[in-house]
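Hey, can you work out the whole structure from these sequences and the hints?
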Amino acid sequence: MIALLLRDLTLATRAGGGFGLGLAFFLILCTLVPFGVGPQGGTLALIAPGILWVGALLACLLSLDRIFALDHEDGSLDLLATAPIPLEGVVAIKAAAHWLTTGLPLVVAAPLFGLLLHLPATATPWLVLSMLIGTPALSMLGAFGAAITVGLRRGGLLLSLLVLPLYIPTLIFGAEVIRRGAEGGSTVTPLAFLAGITAAVLALMPFAAAAALRVNLR
Amino acid sequence: MSIWEYANPVKFMRTSGAILPWAVAGAALCTVGGLVWGFLTPEDYKQGSTVKIVFIHVPAAMMAINIWVMMLVASLTWLIRRHHVSALAAKAAAPVGAVMTLIALATGAIWGQPMWGTWWEWDPRLTSFLILFLFYVGYIALWSAVEDPDSAADLTGWLCLVGSVFALLSRYAVLFWNQGLHQGASLSVAEGERMSAVYRYPLYLSMLGFFLLFLALLLIRTRTEIRRRRLAALQAREARA
Numbered sequence: 001m002i003a004l005l006l007r008d009l010t011l012a013t014r015a016g017g018g019f020g021l022g023l024a025f026f027l028i029l030c031t032l033v034p035f036g037v038g039p040q041g042g043t044l045a046l047i048a049p050g051i052l053w054v055g056a057l058l059a060c061l062l063s064l065d066r067i068f069a070l071d072h073e074d075g076s077l078d079l080l081a082t083a084p085i086p087l088e089g090v091v092a093i094k095a096a097a098h099w100l101t102t103g104l105p106l107v108v109a110a111p112l113f114g115l116l117l118h119l120p121a122t123a124t125p126w127l128v129l130s131m132l133i134g135t136p137a138l139s140m141l142g143a144f145g146a147a148i149t150v151g152l153r154r155g156g157l158l159l160s161l162l163v164l165p166l167y168i169p170t171l172i173f174g175a176e177v178i179r180r181g182a183e184g185g186s187t188v189t190p191l192a193f194l195a196g197i198t199a200a201v202l203a204l205m206p207f208a209a210a211a212a213l214r215v216n217l218r
Numbered sequence: 001m002s003i004w005e006y007a008n009p010v011k012f013m014r015t016s017g018a019i020l021p022w023a024v025a026g027a028a029l030c031t032v033g034g035l036v037w038g039f040l041t042p043e044d045y046k047q048g049s050t051v052k053i054v055f056i057h058v059p060a061a062m063m064a065i066n067i068w069v070m071m072l073v074a075s076l077t078w079l080i081r082r083h084h085v086s087a088l089a090a091k092a093a094a095p096v097g098a099v100m101t102l103i104a105l106a107t108g109a110i111w112g113q114p115m116w117g118t119w120w121e122w123d124p125r126l127t128s129f130l131i132l133f134l135f136y137v138g139y140i141a142l143w144s145a146v147e148d149p150d151s152a153a154d155l156t157g158w159l160c161l162v163g164s165v166f167a168l169l170s171r172y173a174v175l176f177w178n179q180g181l182h183q184g185a186s187l188s189v190a191e192g193e194r195m196s197a198v199y200r201y202p203l204y205l206s207m208l209g210f211f212l213l214f215l216a217l218l219l220i221r222t223r224t225e226i227r228r229r230r231l232a233a234l235q236a237r238e239a240r241a
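Each protein sequence line maps, in turn, to chains A and B. Going by this note's numbering, the residue at position 77 of the first sequence is 77; the numbering climbs one at a time, nothing skipped. Going by this note's numbering, the residue at position 130 of the second sequence is 130; the numbering climbs one at a time, nothing skipped.
Hint data in this document are derived by calculation from the structure and do not stem from the laboratory. Every residue, glycine too, gets a C-beta built ideally from N, C-alpha and C. Where hints are given, some of them may not hold.
Partial chain B-side listing against chain A, Cβ under 8 Å, derived [stated by the list, open to error]:
(1) Leu134
(2) Gly138
(3) Leu142
(4) Ala145
(5) Ser151
(6) Leu155
(7) Val162
(8) Ser170
(9) Ala173
(10) Val174
(11) Phe176
(12) Trp177
Far from chain B by the CB rule (all over 12 Å, computed), these chain A residues [stated by the list, open to error]:
(13) Ala24
(14) Val37
(15) Ala45
(16) Glu73
(17) Ala83
(18) Pro125
(19) Leu132
(20) Leu202
Right under this line is the structure:
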């Protein structure tokens, strides 16, 4: 399993792997928003939590189809399906690799982007914390969507249609944590909900994703 | 005698063919009756004549949710017991459910404009219906995207399962996110919270009518799907010979 994780990470970081593209997309998004709504600090600070989370969702979505598509094309997914580790484990590892290459860089870079959008300094720790807790769920849900659409020729658009509604609860609680953090309120409740969703998704989604993969590998 | 006998397409076709005329007639009678009766009700002292949209809005909203539940049950039946009729019924129900959701959203907007002064408000109930509509759209899109019918049934079945959990989760997550403008449940058991009998009985009739309408549409669409499946099988046999 560790070998598989290392393999996926190497593939993602080598040339053509698309590592960092999500981050660049996030940067572009944070650059475009002030052009759209105007440079006033007050307005930007108000909408920053939402923009940051929506940006994270979209950046994560961009690289989702890579989770299984490349392995499906060159046949290594069939080998993994017959490998001694259960397919559920393969899915979990793939999602973890996706998170390490997309979610984690976003978490690390988030304070910088918060600065760009005039997010109050008091909210920055909450931004990092909510992203750290929330983004693993995004990768795992995305792995489910990618598993459903892996056999389709033009699955990209369908993938976003299927996955984005699943992101809504994470988005609501994630942005709420930052908003309350910025106002200095109590963040315990949304944080608990956010962590609960992530924990449930991590525990249950590998089974659903593996079931969908088995259908597509028949 | 067990319910699983109807998983046999031949038996299903025979039984549904016998029920269908009654369902169509009942749907027409109850829907038209409920709406006409509803139209003749007196005007509400606060809402005026706009109150009458409730006879479309509430039944459509009720069916929108119940059709998704029916699809969930049918998907589970397919995933567990592999009855093809069940998968086809879930496929046939989805567009009806999507249209019901749209009707509920549209009538709500038409009512909301004079009453709340806005076509749309990011109210928890409205928002969760929009999310439900997105789930319907995704479900229908997945059915049309996968070519192999059995794989399509499997994948949409799993999507329906996961979607149900998240639709429910979103329903309560949006409560957290914004306070509501929408009134509470239209039909409550508690005395005093109930709407007046003048409105209640036409509403019951209209709800029955919408249910029968769904039943009729579901049977027609499922029968079409079964016939389409038979046609494909015949064509495949023809091509081999």
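Each hint, compared with the structure:
A least Cβ separation of about 5 Å between B/Leu134 and chain A falls short of the 8 Å threshold, and the interface hint therefore holds. The beta carbon of B/Gly138 comes within 5 Å of a beta carbon in chain A, closer than 8 Å, and the hint placing it at the interface holds. Because the smallest distance between the Cβ of B/Leu142 and any Cβ of chain A comes to about 7 Å, under 8 Å, the interface hint for this residue holds. Hint status for B/Ala145 relative to chain A: holds, with the closest Cβ pair at about 5 Å, below 8 Å.
The interface hint given for B/Ser151 is met, as the beta carbon of that residue sits about 5 Å from the closest beta carbon of chain A, less than 8 Å. About 5 Å separates the beta-carbon of B/Leu155 from the nearest beta-carbon of chain A, less than 8 Å, and the hint is met. Given the 8 Å rule on beta carbons, the hint for B/Val162 holds: about 5 Å separates it from the nearest Cβ of chain A. For B/Ser170, the suggested interface contact is upheld, since its CB lies about 5 Å from the closest CB of chain A, less than 8 Å.
With its C-beta approaching chain A no nearer than about 4 Å, B/Ala173 sits inside the 8 Å limit, and its interface hint holds. For B/Val174, the suggested interface contact is upheld, since its CB lies about 7 Å from the closest CB of chain A, less than 8 Å. Interface hint at B/Phe176: satisfied, since its Cβ lies 7 Å from the closest Cβ of chain A, which is below the 8 Å cut-off. Satisfaction of the interface hint for B/Trp177 is found here, the shortest Cβ-Cβ separation to chain A being roughly 5 Å, below the 8 Å cut-off.
Non-interface status of A/Ala24 relative to chain B is upheld: no Cβ of that chain comes within 12 Å, the nearest being about 28 Å off. No Cβ of chain B comes within 12 Å of the Cβ of A/Val37; the nearest lies about 18 Å off, and the non-interface call holds. For A/Ala45, the requirement that its beta carbon stay farther than 12 Å from each beta carbon of chain B is met, with the minimum near 19 Å. Non-interface status of A/Glu73 relative to chain B is upheld: no Cβ of that chain comes within 12 Å, the nearest being about 18 Å off.
At roughly 22 Å, the least C-beta separation between A/Ala83 and chain B is larger than 12 Å, which holds for a residue marked as non-interface. With a least CB separation of 22 Å from chain B, A/Pro125 remains clear of the 12 Å interface cut-off, as annotated. No beta-carbon of chain B is positioned within 12 Å of the beta-carbon of A/Leu132; the least distance is around 20 Å. Non-interface status of A/Leu202 relative to chain B is upheld: no Cβ of that chain comes within 12 Å, the nearest being about 14 Å off.
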